[in-house]
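Asker: Spelled out, the chains give:
There are 4 protein chains.
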Amino acid sequence: MARLNDSGRVEAFSDGVFAIAITLLILEVKVPSGPGIGRQLLHHWPSYAAYVVTFLIIGIMWANHHTVFSYVARVDRVLLFLNLLLLMVCSALPWAAGLVASYLDGADHGEAAIALAVYSGFMVAHALTFGALWWWLTRTGHLFDARVDVEAARGTRLRFALGSVVYPLLLGLSFVSAVLTLALHGLLAVYYGFNQLPVPLRDGAEEGDDEPVVL
Amino acid sequence: MARLNDSGRVEAFSDGVFAIAITLLILEVKVPSGPGIGRQLLHHWPSYAAYVVTFLIIGIMWANHHTVFSYVARVDRVLLFLNLLLLMVCSALPWAAGLVASYLDGADHGEAAIALAVYSGFMVAHALTFGALWWWLTRTGHLFDARVDVEAARGTRLRFALGSVVYPLLLGLSFVSAVLTLALHGLLAVYYGFNQLPVPLRDGAEEGDDEPVVL
Amino acid sequence: MARLNDSGRVEAFSDGVFAIAITLLILEVKVPSGPGIGRQLLHHWPSYAAYVVTFLIIGIMWANHHTVFSYVARVDRVLLFLNLLLLMVCSALPWAAGLVASYLDGADHGEAAIALAVYSGFMVAHALTFGALWWWLTRTGHLFDARVDVEAARGTRLRFALGSVVYPLLLGLSFVSAVLTLALHGLLAVYYGFNQLPVPLRDGAEEGDDEPVVL
Amino acid sequence: MARLNDSGRVEAFSDGVFAIAITLLILEVKVPSGPGIGRQLLHHWPSYAAYVVTFLIIGIMWANHHTVFSYVARVDRVLLFLNLLLLMVCSALPWAAGLVASYLDGADHGEAAIALAVYSGFMVAHALTFGALWWWLTRTGHLFDARVDVEAARGTRLRFALGSVVYPLLLGLSFVSAVLTLALHGLLAVYYGFNQLPVPLRDGAEEGDDEPVVL
Numbered sequence: 001m002a003r004l005n006d007s008g009r010v011e012a013f014s015d016g017v018f019a020i021a022i023t024l025l026i027l028e029v030k031v032p033s034g035p036g037i038g039r040q041l042l043h044h045w046p047s048y049a050a051y052v053v054t055f056l057i058i059g060i061m062w063a064n065h066h067t068v069f070s071y072v073a074r075v076d077r078v079l080l081f082l083n084l085l086l087l088m089v090c091s092a093l094p095w096a097a098g099l100v101a102s103y104l105d106g107a108d109h110g111e112a113a114i115a116l117a118v119y120s121g122f123m124v125a126h127a128l129t130f131g132a133l134w135w136w137l138t139r140t141g142h143l144f145d146a147r148v149d150v151e152a153a154r155g156t157r158l159r160f161a162l163g164s165v166v167y168p169l170l171l172g173l174s175f176v177s178a179v180l181t182l183a184l185h186g187l188l189a190v191y192y193g194f195n196q197l198p199v200p201l202r203d204g205a206e207e208g209d210d211e212p213v214v215l
Numbered sequence: 216m217a218r219l220n221d222s223g224r225v226e227a228f229s230d231g232v233f234a235i236a237i238t239l240l241i242l243e244v245k246v247p248s249g250p251g252i253g254r255q256l257l258h259h260w261p262s263y264a265a266y267v268v269t270f271l272i273i274g275i276m277w278a279n280h281h282t283v284f285s286y287v288a289r290v291d292r293v294l295l296f297l298n299l300l301l302l303m304v305c306s307a308l309p310w311a312a313g314l315v316a317s318y319l320d321g322a323d324h325g326e327a328a329i330a331l332a333v334y335s336g337f338m339v340a341h342a343l344t345f346g347a348l349w350w351w352l353t354r355t356g357h358l359f360d361a362r363v364d365v366e367a368a369r370g371t372r373l374r375f376a377l378g379s380v381v382y383p384l385l386l387g388l389s390f391v392s393a394v395l396t397l398a399l400h401g402l403l404a405v406y407y408g409f410n411q412l413p414v415p416l417r418d419g420a421e422e423g424d425d426e427p428v429v430l
Numbered sequence: 431m432a433r434l435n436d437s438g439r440v441e442a443f444s445d446g447v448f449a450i451a452i453t454l455l456i457l458e459v460k461v462p463s464g465p466g467i468g469r470q471l472l473h474h475w476p477s478y479a480a481y482v483v484t485f486l487i488i489g490i491m492w493a494n495h496h497t498v499f500s501y502v503a504r505v506d507r508v509l510l511f512l513n514l515l516l517l518m519v520c521s522a523l524p525w526a527a528g529l530v531a532s533y534l535d536g537a538d539h540g541e542a543a544i545a546l547a548v549y550s551g552f553m554v555a556h557a558l559t560f561g562a563l564w565w566w567l568t569r570t571g572h573l574f575d576a577r578v579d580v581e582a583a584r585g586t587r588l589r590f591a592l593g594s595v596v597y598p599l600l601l602g603l604s605f606v607s608a609v610l611t612l613a614l615h616g617l618l619a620v621y622y623g624f625n626q627l628p629v630p631l632r633d634g635a636e637e638g639d640d641e642p643v644v645l
Numbered sequence: 646m647a648r649l650n651d652s653g654r655v656e657a658f659s660d661g662v663f664a665i666a667i668t669l670l671i672l673e674v675k676v677p678s679g680p681g682i683g684r685q686l687l688h689h690w691p692s693y694a695a696y697v698v699t700f701l702i703i704g705i706m707w708a709n710h711h712t713v714f715s716y717v718a719r720v721d722r723v724l725l726f727l728n729l730l731l732l733m734v735c736s737a738l739p740w741a742a743g744l745v746a747s748y749l750d751g752a753d754h755g756e757a758a759i760a761l762a763v764y765s766g767f768m769v770a771h772a773l774t775f776g777a778l779w780w781w782l783t784r785t786g787h788l789f790d791a792r793v794d795v796e797a798a799r800g801t802r803l804r805f806a807l808g809s810v811v812y813p814l815l816l817g818l819s820f821v822s823a824v825l826t827l828a829l830h831g832l833l834a835v836y837y838g839f840n841q842l843p844v845p846l847r848d849g850a851e852e853g854d855d856e857p858v859v860l
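As you go down the protein sequences, you meet chains A, B, C and D in turn.
Start counting the first sequence at 1; every next residue gets the next number (my numbering).
Start counting the second sequence at 216; every next residue gets the next number (my numbering).
Start counting the third sequence at 431; every next residue gets the next number (my numbering).
Start counting the fourth sequence at 646; every next residue gets the next number (my numbering).
Think of the hints as simulated: they come from the structure by calculation, not from any bench.
Note that CB positions come from ideal geometry on N, CA and C, so glycine has one too.
Some chain C residues judged to face chain D by a derived CB distance under 8 Å, without partners named:
1. ASP445
2. GLY446
3. PHE485
4. ALA493
Isolated chain A, as found in the complex (with noise of 0.2 Å):
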């Protein structure tokens, strides 16, 4: 992996596997067929939900990922490798999402339980590969265009972990209910993509410049 001088192709490259993984969700949902659409219709609600949330989350990932690499000037190699473990994890949420269409269905709650734990397991990955991303970018700063404010941005590792941990709870939550589990991952999504830790600026930074970032 070079070390690139220009994160812009890296950020091209994430933004398209990013809007491919969102729009392969669908292929996921199965499309009835043979006698009783109304009924076949219904009985597909695991997998609508799931396409809905996952939609969601997929899209404030890329959004996260967008404002962060937006006040990213050069790209080393560990960084380059951090960012394909998180486009690796990214890209598996179509078969997570498709793990939890199969089995929500509440046939069974043990299998469903172990559906949406290994779910939930996919966001815990994602909230590590973000966070080891992060912390490589506020180690020494020198990854970061001028704008940004390193010493304050180091000390926002903290807020990032502790805001992770949210993801581990939810993976315990999903042996208790699924259903509830993925309606929590949903709005977690909605509830980040409108709250957002800011990305710390130097005094004199343009104004309007105070990309939140992520979680």
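Since the structure of chain A is already known, use the hints to place chains B, C and D on it.
Answerer: Frame of chain A; chains B, C and D shown alone:
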């Protein structure tokens, strides 16, 4: 979701989702196998019809989306969220086209009607999300670039809403004739491709920029 | 569909569709499973042949499309619509390749002939939509940028049409030999990759810009 | 295929194909359904391994391709054709990963060996097409931009070829241990991600541009 200062990346991401959704449509067209290629090819006509009509529809959706965003200079979190909902509807169209392909063959008129009603429901949902996006853009107008006559743009809201009434009508028509409903969706796409409400511009804004807009 | 002042976004959208269609081809190549991997791998040779030939064809289609659009400065609604039809044909090629993969194994010569005739029919459709697009561009020439010699470009229409005659011939040849027809489609793609009609330029247009064009 | 003066669009098209191929990998990972989610999840481990390893490999292929093309200023028809062959190999990797997923479970060592041999064969094919592309670029060097030391770049050909010998060796190793072979492919991807042959630059070319290259 971040307040992104330039709308370019949001549009690029959206363009990617449209391009992928339009290309995934072909996966819902069954490839014949086994003896009797001729008979099978004829028998799958509903999937060809669903492919052609939905391809045109997504193509026009993309063009309209592109036109509106060419006047957007700033993206806030609400716009980002409404755009994500709009993309969620568009990304589901391969599934809706697959549903039509499965049930339009006339074996059961009632089931074909339901399939077309669901398909029309997606067009209603698209009109609603697009309308909400247009409503948000014209509310204060501060997300538009300087060329747009915000007052006049706000005045187009009613015509937008009236134009969208056609989709619930087609939903109702599904129960009269599923084939006719699909054909009308196709004709409507071509019509809106060539006849769109213009985005009203300020006096003195560059000629030739009178980009028409959307439904 | 909007009158877009710059052709860049239309080309970016089209490039996306070509890139996705070419990559989706692999989904039509069956992955063996169950006992007898060796026998299965050999048995699927028609799908490999269809993959390789269609990959080359879409690649050349993209390159030709790209060359023509590099001379397009403005996009009107008719051009947008013709381009959408062209993309509709290209996006369907994974299906056509799947059809060839299903029937080329020689179990039934008549069915293989039909499969290749349908495949060739898509090439005829591509030549027709590309020809219509070229005809529209050269009609007035006002969509071209200043480098193009419109009068001379209009003169190439006949050579375009003559070059396209080869595809109906291959459609006919399908009924003589399906395998030979597929091989000739592949050879033709390579030939047109290296030998194309040039877009005629005005005297004094920059040297080295004598981009060859399409079939 | 056109002589394109700027290499940007070729790289954008290639980036799209890499991004799609890497995201399609997940479609080859079977989603469990029916009773026994736990047992099924464990049973599908070969598809997870194939996903992770192939994701890393395509990611590194993209990074290497990107690095080389960042030094390419002009694209001729031969380069375009060699690039198309390279993309044809990469686009087929989801199929090769699916093959490994089907046969690595150890039910039959002979069949797993064949699957890994075919998989390794794709890596050989990639090394050959990449090598051919590098050979063509360094032959005259006139396609490179001014920073590249063409003479020294030509001198790297042998090291390129030597580095590629590892892939035929892994092909042979497939018949000893399929699992070990897959693991080594993964390790090799990580290794080449962090250790690459540099593209030799002229004296005085900007510091920090010593982009390493490929295997």
